[in-house]
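Peer 1: If you want the building blocks of each chain, they are given just below.
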Amino acid sequence: MSLITTTSKIDRLAQLTAKTETASGASLWREAMRRMRASKMAIIGAVIIAGFVLLAIIGPWIAPYGPTEQTWRGEVFSNRGEFVGARAENWFGLDHLGRDLFSRMLVGARQTLLVGVVSMLIGLLIGALVGIVSGAAATLGGKAGRRVDDAIMRVTDILLALPSLLLAVSVAAVMGQSLTTVMIAVGVVQIPVFARLLRGSMLAQGGSDYVLAARSLGIRKRRIVLTQILPNSLSPVIVQATLSLATAIIEAAALSYLGLGNPDPAVPEWGVMLSQAQRFFDNEPMMSMYPAVGIVITALGFTLLGEAMREALDPKLRG
Amino acid sequence: MLRLVVRRLLQLIPTLLGLSVLLFIWLNRLPGGPASAILGERATEADVARINRALGLDQPIYVQYGRFLKRLLDLDLGTSVQTGQPVWDEFVLRFPATVELSVAAMLIATVVGIPLGYLAARKRGGWIDVASVSGSLVGICIPVFFLAQLLKGAFGEIFGTFGRQSTGIDATSVTGFAVLDGLLTGELDAAWDALMHLVLPGIALATIPLAVIVRMTRASVLEVLGEDYIRTAESKGLERRIVRGRHVLRNALLPVVTAVGLLTGSLLSGAVLTESVFTFGGIGSFIRTAIDARDYPVLVGFIMFIAMIYVLINMVVDLAYSVIDPRVRVH
Numbered sequence: 001m002s003l004i005t006t007t008s009k010i011d012r013l014a015q016l017t018a019k020t021e022t023a024s025g026a027s028l029w030r031e032a033m034r035r036m037r038a039s040k041m042a043i044i045g046a047v048i049i050a051g052f053v054l055l056a057i058i059g060p061w062i063a064p065y066g067p068t069e070q071t072w073r074g075e076v077f078s079n080r081g082e083f084v085g086a087r088a089e090n091w092f093g094l095d096h097l098g099r100d101l102f103s104r105m106l107v108g109a110r111q112t113l114l115v116g117v118v119s120m121l122i123g124l125l126i127g128a129l130v131g132i133v134s135g136a137a138a139t140l141g142g143k144a145g146r147r148v149d150d151a152i153m154r155v156t157d158i159l160l161a162l163p164s165l166l167l168a169v170s171v172a173a174v175m176g177q178s179l180t181t182v183m184i185a186v187g188v189v190q191i192p193v194f195a196r197l198l199r200g201s202m203l204a205q206g207g208s209d210y211v212l213a214a215r216s217l218g219i220r221k222r223r224i225v226l227t228q229i230l231p232n233s234l235s236p237v238i239v240q241a242t243l244s245l246a247t248a249i250i251e252a253a254a255l256s257y258l259g260l261g262n263p264d265p266a267v268p269e270w271g272v273m274l275s276q277a278q279r280f281f282d283n284e285p286m287m288s289m290y291p292a293v294g295i296v297i298t299a300l301g302f303t304l305l306g307e308a309m310r311e312a313l314d315p316k317l318r319g
Numbered sequence: 001m002l003r004l005v006v007r008r009l010l011q012l013i014p015t016l017l018g019l020s021v022l023l024f025i026w027l028n029r030l031p032g033g034p035a036s037a038i039l040g041e042r043a044t045e046a047d048v049a050r051i052n053r054a055l056g057l058d059q060p061i062y063v064q065y066g067r068f069l070k071r072l073l074d075l076d077l078g079t080s081v082q083t084g085q086p087v088w089d090e091f092v093l094r095f096p097a098t099v100e101l102s103v104a105a106m107l108i109a110t111v112v113g114i115p116l117g118y119l120a121a122r123k124r125g126g127w128i129d130v131a132s133v134s135g136s137l138v139g140i141c142i143p144v145f146f147l148a149q150l151l152k153g154a155f156g157e158i159f160g161t162f163g164r165q166s167t168g169i170d171a172t173s174v175t176g177f178a179v180l181d182g183l184l185t186g187e188l189d190a191a192w193d194a195l196m197h198l199v200l201p202g203i204a205l206a207t208i209p210l211a212v213i214v215r216m217t218r219a220s221v222l223e224v225l226g227e228d229y230i231r232t233a234e235s236k237g238l239e240r241r242i243v244r245g246r247h248v249l250r251n252a253l254l255p256v257v258t259a260v261g262l263l264t265g266s267l268l269s270g271a272v273l274t275e276s277v278f279t280f281g282g283i284g285s286f287i288r289t290a291i292d293a294r295d296y297p298v299l300v301g302f303i304m305f306i307a308m309i310y311v312l313i314n315m316v317v318d319l320a321y322s323v324i325d326p327r328v329r330v331h
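Sequence order for the protein chains is A and B.
Residues 1 to 319 (the UniProt record's numbering) make up the first sequence, in order.
Residues 1 to 331 (the UniProt record's numbering) make up the second sequence, in order.
Be aware that one or more of the hints could be misleading.
Subject to a maximum C-alpha distance of 35 Å in a straight line, what follows is the list of computed DSBU-like cross-link-like pairs (lysine-lysine) [as the list claims (entries may be wrong)]:
no. : chain 1 : residue 1 : chain 2 : residue 2
1   : A       : K9        : B       : K123
2   : B       : K123      : A       : K40
3   : A       : K143      : A       : K40
Part of the chain A face toward chain B, derived, beta carbon under 8 Å [what the hints assert, rightly or not]:
no. : residue
4   : D149
5   : M153
6   : R154
7   : P163
8   : L165
9   : Y257
10  : G259
11  : L260
12  : F280
13  : M286
14  : I295
15  : T303
These aren't lab readings, by the way, just hints derived from the structure by calculation.
Remember, it's a predicted structure, so these values are computed and weren't measured experimentally.
Note that the Cβ used here is the ideal one computed from N, Cα and C, for glycine as well.
Model the full structure from these sequences, guided by the hints.
Peer 2: Next comes the structure, spelled out in structure tokens:
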């Protein structure tokens, strides 16, 4: 859950771009990349993500069985609490409908990645749009601009104040149950985060010398915003996007657990698999364990990489 | 101080107004609308029109909003579709249990988190540091409902049964807070029973705040340890204990106080997941069933309720800040 993205944390991240000058004069990103290569956290995170993406691509091809085929249906009597665990032909055992869990895990990686990426992009794109308007209005819009910025930030702060899960539930209630709903619901939660972040980052850039120089050269404001301030403000957004992928995957699982997830259980997705397996937890805990471990490791990968990036950018956290 | 409180309270008004507008829009966007919720899907158009007239839905939108706002101010959040009782009464009935759970979780998170974060920062790179940082990273990556299920499966039997209506021994209700009631009425076994039932849900709910508090305390202590005034204090021969207590901790805990406040608000949504795993009798379980039953009055009421609590907590945090940090008082 994105409970962790408190306002102060967002603002702190937003400030980071302002500190562009390093002693060696190297660019912020080059410097950060150098630090990242030396960071164990970054490397582990990157390896996990690479493995996950690879799985998402080739998973459906290497799966030994079809993910929806109830081949061993006769062997499984879900209502009697009898489950088939790991064995030679089914490495992870069978689920309550007699489907091969190993195949479902392999195929499910793609859907899980899709949910994470799409919902993050929804939050990023809309949030960035709001953030750009607000940030531009605040830095170059004068008195009227500050008022516009004030109004926009009021609304985003309200949205930030709402518990993310409830926001997602409200969206899901309006739109009905579907995979698209899950992605939109999880994405909407991220909108205020990205908006506040980009706005703060642009604000931090607004006072820079190069902005003053551009203004005194008489460059049009829209151009300054789009070609000068914006590109320099993006690094915190990239950090947040990485972190958001983790929360999106976890939050999608929570939505499924609350019965608001993808109604089509035939399409394997780790979050849906986990929430379905919860019903049988007392009889067969291993059935929940596989998707849960999958989700935790994946989320951990994105979190590690994101945190490593944040640390590389933040001079105060450097050893 | 009083002026500050009044000013902060006045600042709340636009925020809550804005929220009420958002909620009103949301209510109007719900599929079907109240008429088909009451009549079911096979309602005739005449029936729908009649209900709409009865509910005032045929009037201009600003009149409807005005009425919506007036009902909110009267604390009239409508009637729960599930129970037929006023939503407000349902909340008041269940709120104490959730507060108890949230307090337990916050206690666990702060009592464990702050010392752990402090130690991790002091012994940077040591095993406590590595373990607590990686532990907190894993902690925020575990879906809360799964962790709750895991705890229940592994330790459920030690801490009493969890299930439908299994709170065990109940104390005579005085305040509605189960543990407190047991202590007040002297029914210690009931208090103990209620306390035991708080342990596992409390731990499950505490994971995310715990992870955040550990990392925040650590980062904050590290930052303060690098400050010039710490070096000054140490070099002038000030006792270590005093430097750490008065200089390091006091400064480092400022951001942590804010985080604790903000996290308390967000605990309520974690409670929805945790409570429903443990069938805990608080607001969380109620919301869970409300989601299943599409009980919109309850959901709307809950969002408004949480928002109010959240802004109030925010205000308390701000005020606490001005007590701890003299610099804020000047402004």
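Peer 1: Please write out, lowest number first, the hints stated earlier that are contradicted by the structure.
Peer 2: 3, 4, 5, 12, 13
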